[in-house]
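> Residue-level listing of the chains:
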Amino acid sequence: MLNSIRVLLSLIVITLSTPVYSHEMTPTYPTFSKSFMAGISVTTLNIFNKRKDVSFYEIGVFTKEWKPIPFVSEYTVIPMKYLDTVSFDVYVSNLSLSSVEYICSVSQLKVGATVSSKICSRVK
Amino acid sequence: MKKLLIVSLLLAPHIPAFAEETPISGLVQTRCLITTDTNGVFGNPLPSKLSTASADGGVVPIVRYDVTLADAYVAKVTTPTAFSSSPSLTDSVAWTGTTAVSKTSDAGMSGYEAAKVTYGYTTQFDLTIAGSTWFSSTATAVYGGTKSFPGGSYTAIVVAECIAK
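Top line first, the protein sequences correspond to chains X and P.
Those letters in the first sequence? Residues 1 to 124, by my numbering.
Those letters in the second sequence? Residues 1 to 165, by my numbering.
All clues stand as given, with none of them false.
Among chain X residues calculated to face chain P with C-beta under 8 Å, some are:
(1) H23
(2) Y29
(3) V111
(4) T114
(5) S117
(6) K118
(7) C120
(8) R122
I should point out that these hints are in silico values taken from the structure, not numbers from a laboratory.
Built from N, CA and C at the ideal position, the CB exists for glycine as well.
Can you build the whole structure from these sequences, using the hints too?
Next comes the structure, spelled out in structure tokens:
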């Protein structure tokens, strides 16, 4: 019994001392709709930051061949606190809308971080 | 007393109920979650070598991918090809790296390792089953053939990508 308690306490200590940092972006398949401006379409995505070692995420819009596409958002690099969820709009000209394939968020690491995360949603 | 009881029973159905059903709503979306499970640490088994392999005294970085929709994402893990921070180096560094599936939440994911595609320093896995997969990356850096790494702190970055299909 005493040994079981010791093992349990050890597991709790190990679990608490192991940092778990996550990056999440939704939806997987965003869809564009008409915006309040003529000739411009908009879609909305969400990022959840559970990374203490990241305070900024950079947004990018790309073609199928990973060429960058011009877009407008409130921030290109979104400032985010730990455990923040941020909803952001991405505006793209209707002229380049058919070329949009991926919308990605990339973690901007603080000094000492060792894993960079990138999540891309796909516009179908 | 009996009259009082009867009156109470008759009135009972008219007493308004204050308990109400409170709904809890939620939306489960398809998503990919990248989690740093274990940060890597370089071991220094030889003066000219830094390695995350446990046999070399290092700690292998482990990244977990959680996907909630089967066959919706591709995971790409790229091992480092340069130090993100280090003392000044005057010679070239030769990098090698491998990424492998270290743990899965579903027995059906056992085929991920055999089906992985490697190009350059990047290893690609097709996440065909919903659930969690742990990937471990081993990175080795050898300095100028047999030169000793200068003393100091070294950091390199593993890039974990989750791309919707």
